[in-house]
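Chains as they are written, first to last, in the numbering used here: chain A, 1 to 342; chain B, 343 to 684; chain C, 685 to 1021; chain D, 1022 to 1358.
Within a straight-line C-alpha distance of at most 27 Å, the following computed DSSO-like cross-link-like pairs (lysine-lysine) qualify:
| no. | chain 1 | residue 1 | chain 2 | residue 2 |
| --- | --- | --- | --- | --- |
| 1 | D | K1287 | B | K399 |
| 2 | C | K864 | B | K383 |
| 3 | B | K504 | B | K383 |
| 4 | A | K57 | C | K950 |
| 5 | A | K41 | D | K1201 |
Each pair of labels, with its calculated beta carbon distance range:
| no. | chain 1 | residue 1 | chain 2 | residue 2 | range |
| --- | --- | --- | --- | --- | --- |
| 6 | D | V1294 | B | S538 | 25 to 33 Å |
| 7 | B | A678 | D | D1290 | 53 to 61 Å |
| 8 | A | T209 | D | R1050 | 46 to 54 Å |
| 9 | D | R1262 | B | S538 | 49 to 57 Å |
| 10 | B | E407 | A | E69 | 53 to 61 Å |
| 11 | C | V1020 | D | D1290 | 40 to 48 Å |
| 12 | B | S538 | A | E332 | 50 to 58 Å |
| 13 | B | E407 | A | E51 | 54 to 62 Å |
Derived by calculation from the structure, the hints in this document are not laboratory data. Glycine included, every Cβ here is placed at the ideal spot set by N, Cα and C.
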Amino acid sequence: MRTNEKIISAGVEPIERVTQEITYREAIVAALREEMRRDPKTLIMGEDVGESGGPFKTCHGLYEEFGAERVRDTPIAETGFVGAALGLALTGYRPIVEIMFADFLGVCFDQIANSIAKHRFMSGGRVKTPIVIRALGGAGLRFGAQHSQTAESWLLSVPGIKIICPSDPEQAYLMLKAAIRDDNPVLVLEHKALLSMKGPAPIGIDDVTMPSGPRVLRPGRHATIVASLAMVRKALAAAESLNAEGIEAEVIDIQVLRPLNVAPISDSVRRTNILVTVEEQAPTGGWSSDVVADVVSQAFDYLDAPPARITLPDHPLPYSPHLEDALIPSPERIAATVKSLL
Amino acid sequence: MRTNEKIISAGVEPIERVTQEITYREAIVAALREEMRRDPKTLIMGEDVGESGGPFKTCHGLYEEFGAERVRDTPIAETGFVGAALGLALTGYRPIVEIMFADFLGVCFDQIANSIAKHRFMSGGRVKTPIVIRALGGAGLRFGAQHSQTAESWLLSVPGIKIICPSDPEQAYLMLKAAIRDDNPVLVLEHKALLSMKGPAPIGIDDVTMPSGPRVLRPGRHATIVASLAMVRKALAAAESLNAEGIEAEVIDIQVLRPLNVAPISDSVRRTNILVTVEEQAPTGGWSSDVVADVVSQAFDYLDAPPARITLPDHPLPYSPHLEDALIPSPERIAATVKSLL
Amino acid sequence: MTKPAPGTGSASNKAAAALSIEDRIGLYRTMTLIREFEEQVQRSYLEGLVHGTTHLCNGQEAVCAGVAKALREDDYVSYTYRGHGQCLARGMDLEAAFAELFGRETGVCGGIGGSMHLTDIDLGLIGAFGIVGAGLPVAVGAGLSAQLAGRRQVSVCFFGDGAVNIGAFHEAMNMAQVWKLPVIFVCENNLYGEFSHILHTTPYEDLVIRAAGYSMQSELVDGNDVLAVYDAAAPAVARARDGQGPTFIECKTYRHRGHSRTDPAKYRDSAEVEAWLKLDPISLYRADLRAAGLMSDVGAEDVAAEARSLVKAAADRAAAAPWPSQTQDFMATMFVQ
Amino acid sequence: MTKPAPGTGSASNKAAAALSIEDRIGLYRTMTLIREFEEQVQRSYLEGLVHGTTHLCNGQEAVCAGVAKALREDDYVSYTYRGHGQCLARGMDLEAAFAELFGRETGVCGGIGGSMHLTDIDLGLIGAFGIVGAGLPVAVGAGLSAQLAGRRQVSVCFFGDGAVNIGAFHEAMNMAQVWKLPVIFVCENNLYGEFSHILHTTPYEDLVIRAAGYSMQSELVDGNDVLAVYDAAAPAVARARDGQGPTFIECKTYRHRGHSRTDPAKYRDSAEVEAWLKLDPISLYRADLRAAGLMSDVGAEDVAAEARSLVKAAADRAAAAPWPSQTQDFMATMFVQ
Ligand SMILES: Cc1ncc(C[n+]2csc(CCOP(=O)(O)OP(=O)(O)O)c2C)c(N)n1
Ligand SMILES: Cc1ncc(C[n+]2csc(CCOP(=O)(O)OP(=O)(O)O)c2C)c(N)n1
Ligand SMILES: [Mg+2]
Ligand SMILES: [Mg+2]
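With the rest of the complex left out, here is chain A (with noise of 0.2 Å):
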């Protein structure tokens, strides 16, 4: 399923040699390690990031390697720390910080919605912002409803901030490596169900760049699906078993929420005239709606059916595993749906 072609998709000359295969946790470990070294004016904050590691060893080493000034424990105090990524972005240094769940996004909402996103735009341009924002989100993991959020939609109406959602090792290390060389500020959501995930990537490229838009993963002609974070396995499998009943479907990670791109998918969907999103989030506010709202005015005339949408139930997301497994979105319940259009 991969080939050279999603390398440089991402805006990446391809070179095989250094391909390894890595874990998602790994890929974001290397990705700020190389940055962090290319870059002095780097440096890593959030809870628990020094010695320990990070919660999630998302950090892994990065302590021994650039000591406690560039990889800082905080305070749990997350409006504190990222509004302090703000005072050190516009003075010069280029600051990484880590939300330990995506959850607490809302604990800096503020923070984020209304100083990083507009400082910039609020000085006429004339100052910089370049900060990454990194959260890890996601449900499955039978943390319950205030543990298990994406987060995706929360900042989704909010101009400003670039956000970006990786669902393998690859895009988890060339986009973070992006993320970490832009000039503005880049909310990065991992899923942490993804990271034990193990992927090629192409460890130790230096020529990244920020992707502009949706990676299409699986090529097909009969239907396409999109798909988010932890859900785009789902949706490969899904499109697996599909194949054995001979329908081809085409698998294209969203990846990029904001800007957001469709055109790409409106391509695909001229192809294929079906259209199915699949999202770890509530049926309202999330990015599929704008998906399908954009495909429906690009290619209106393309589509046999009206669009699907998976996504979570209007509901937070129960504690007991049963409760939580039935309701995240499935490979069969993506299947089915697929066929329904058909």
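Once you've looked at the hints, dock chains B, C and D with the ligands against the given chain A.
Structure of chains B, C and D with the ligands alone, referenced to chain A:
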């Protein structure tokens, strides 16, 4: 433009004799006053809501009538007093809090999204959380990027809270009363550019219920325009000017953002075959995408053209008056968009 | 350790001296029950019965037991993800607690909440907050409710040392003090946030210093001495009932295990752990009771055995309880219809 | 007024004694310029040139002037919507400031920011924050930046008495103290938030008490005495440059006008207003200078006349400046492309 029908549609018996011409601001005050009289367990908290009557005078006279205990000035501590509302609700009170500018919802986002919206659910439905959060938002007053947001979409993806947004005195009055009686958390988004708007309201009426969805303000056969808050008036103005050209646009006030009920809009579109939405928010993450996506699935075969969404641009609002004015959707833009689809 | 800064209060009135023998033994019983509960949670977790993660309070039992003893049935209590102890000290049904941790229909929250979110409004257990600091403003609201209702109730909130650095703590402390609310802020200072020592994130080790910033009455107590905790809590609660406003109580304590199930707690010095294990609140209190002639070792063993069997039986019943229905009406769980 | 609680510092080293005559007159010039600017803003607002709302600092000029005098060009300064004074004290171009308030293309932020958001990074004016408290964590970040860069810079943030009640204040104070950052927290205590007296929202009137909660060095000064402000700021800045950490400075002051343009400030007792108007920082300082033989009344009038004419000329030029283009590339304003 107002008939008894509309009052009925909000679940209220028409009592013509009590209908008065009042402002949106007076409607808010009247609703608060009547409900506070009705139930001694209600109380209101916020910054300068007491003796000063509220920064926007939306609590005018309440302090005098109900005293400092039930009309309580708070420190500048939105997390603190919004959180306190949950504690009050859990122990038998029915708190109403005022957020001075909707932009400040970011400061207490966590308390709303993770505590208030989830507490009953996480208890297995064993507690009751009757809380009203009123927030005044909106652009057009040259308040700059941090004081001009409606925040309509910030909590759109968070299950567990109802969101309503009144666009005229009648609904400001009826919906706020219903919200205060609701046993669940309700976010009431008010628009500061509407505060002086006059209109009839059935003051003194006692029989109110939460509306179950959008409300048709003006019937029409050629196009459906859906708008919220200050955009409703612009939509009505657009409809008026279209009428002069023989185009009859139906205007719908979305009015209830959560839970979102798109069925009445789909019904309308089945008759008009054209859909235009107008919201005072960025192009992504807002209710208009949800509406379009739902209408597409509910009334796919009835659409003569891809629905058009009219929104703010995808950047924060600038301060300079001409810039601000040019960026807020205007009746002209709405009318032109409708015509472009016919 | 830096020298403890004294609190502003004086726990010297020794409320504990007035406790009956029954009450004293009751405190031992409560602590033992909590310990046995947590030990069973640990075992059940390893058996796959508890899901996701769980935060145990072994070593901190004296805090919740001592404070609970000072409360009335109609008081309000809020706490955190590390909240099993507070719930049991208020009398939460053991089976319903286990069933919740196991994600069963008979759980105290129907299996919807989980280990981090035990709530039982009938016991005044108004909620467990998973977001650090988030419970404190809620406790202030419950305190305001108590003040308004005029029934001399109090609102107690428990939180950790790490929580004193987040904004919600600050806003809550200030509001409680300005409004003179009957709120008792109980800080369980177990020296660590997740993996960071308190001095890494706070300018000092004695968190009562924070209270000074609000001119709030405060007490610094040995959180591993259940009678000392009671001695601090009882007068604070009495003052609160009398309309004299809030108190901040810092309880120095230690968690025996890691932050949560996945944490081996390697960041802690083994000498430090050793030292604190010697200060185990249950052993210390048992020695006290023995010295006072109130309980023999045999009696103590009986209490433990009884607790163990209660716990075991409750866990077994919970493990046999049905899963929640997948077709239940979640909308009614979320909203009053 | 309650008796002021003393701060922890001692401003008795009287840094101001070492100021040259030129510097002393310079302070007068700065304060006068700010006053004349604000008066012009008021007039321009009534003429419809300033839009929306604006928050004037008349009466508080000694705070920004006195602190600014203690700073170097490469220091960082952050402030609030009530930030005109801080900007002018750092030397912001008058015309660019007016043009920003008038929403013109030549504004210091191209007319995009407005009265509440004057920023000029070249002058170390890193930003005006409209959300109460939001600037403080940002100032902590700038202080961290200064500490890391090792060039002995400091980061100063200005905020009001109302801001000490919000979470961001707390998180920032704690972080600055734990990391011993070169941050000076300057609280302009003008006794009111929007319309509420400080005692309505805070347990006391002397906000240095807050600093005690962080063990942070603090100073309580007469904020209407520009030399007293300088006397507190200079040693605090020196300590910060030397790596000795942050200081909290409370400046007691008063705003002559309402909170913002729409506020007639009727909530204030007229006797209180009278009393404070007599404590006008500019008149007081003028009397000082006269008494010390450093400036005659004529000299003072000359300074005022010069300020008035500078301000008038700048406002006139700004009023004639073009509106920003409606077709400009806002995306490039928002994002570095
Ligand atoms: C706002 C927020 N940030 C971070 C976390 C993750 N977190 C959970 S517990 C914890 C440590 C809390 O330490 P403390 O307050 O001392 O309580 P303890 O766990 O020691 O009882 C952290 C950082 C959280 N739940 N909420
Ligand atoms: C988080 C937040 N809540 C409320 C407001 C509205 N508001 C603007 S200024 C102000 C009063 C601030 O008082 P203070 O800090 O004393 O500063 P001053 O205006 O007196 O200079 C308030 C409540 C805000 N801007 N931000
Ligand atoms: Mg702790
Ligand atoms: Mg003030």
